[in-house]
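Residues 1 to 159 in full-length UniProt numbering are what the sequence shown lists, from first letter to last.
Because the hints were derived from the structure by calculation, they are not lab data. Small disclaimer: the values here were computed from a predicted structure and weren't measured. There may be inaccurate statements among the hints.
[Unchecked claim] Restraint-style ranges between C-beta atoms, simulated for each label pair:
id: 1; residue 1: W158; residue 2: K74; range: 42 to 48 Å
id: 2; residue 1: F40; residue 2: T120; range: 22 to 28 Å
id: 3; residue 1: W51; residue 2: M1; range: 35 to 41 Å
id: 4; residue 1: L7; residue 2: G77; range: 48 to 54 Å
Think of the CB as a built atom: it goes at the ideal place given N, C-alpha and C, for glycine as much as any other residue.
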Amino acid sequence: MDVLWWLLIGLFFVASFVGLIVPIIPSVLVLWGGFLVYLFALSGTLSVWFWIGMSVLTVFLLVVDILANIVFVKRTGGTKWGERSALIGVLIGAFVYPPFGLILVPFALVFITELIQQKTAGEAVRVAFASFLAFLSGTFAKAVVQVVMIVWFFIEVWL
Numbered sequence: 001m002d003v004l005w006w007l008l009i010g011l012f013f014v015a016s017f018v019g020l021i022v023p024i025i026p027s028v029l030v031l032w033g034g035f036l037v038y039l040f041a042l043s044g045t046l047s048v049w050f051w052i053g054m055s056v057l058t059v060f061l062l063v064v065d066i067l068a069n070i071v072f073v074k075r076t077g078g079t080k081w082g083e084r085s086a087l088i089g090v091l092i093g094a095f096v097y098p099p100f101g102l103i104l105v106p107f108a109l110v111f112i113t114e115l116i117q118q119k120t121a122g123e124a125v126r127v128a129f130a131s132f133l134a135f136l137s138g139t140f141a142k143a144v145v146q147v148v149m150i151v152w153f154f155i156e157v158w159l
């Protein structure tokens, strides 16, 4: 029976990475599902430092998700509406042929929004491209942190 629980934990960990390109899957929360299966189904123990570390990293991941688009769009001269449309674009893009929808929909929405806000086509493209870079850098950062969380978990379990 333990093998099935470990398979479920592995499934949770894999699904957390799928969540990086399919935002409907809350990747960091899925990781917690794996931790909790270990804790309750396998009667495992994890240190207080582990739980504190996971909590801090979880908050970090949630903040990175929100701030990446805002910072990149703002730094390239985007408007508040451009920032908002980038976030809306990511949410809509999750349902439009992922992962391509996550790239194209925010780009298009930011571009159109910036044009409506009286930006030139060149400025609008620059801001829209910034939303694309925000998605890539945020996704990369989340993947790295998730790997750290998983490695930390296995270190806790095996040591």
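What are the numbers of the hints that this structure violates, sorted from low to high? Hints 2 and 3 not satisfied by this model.
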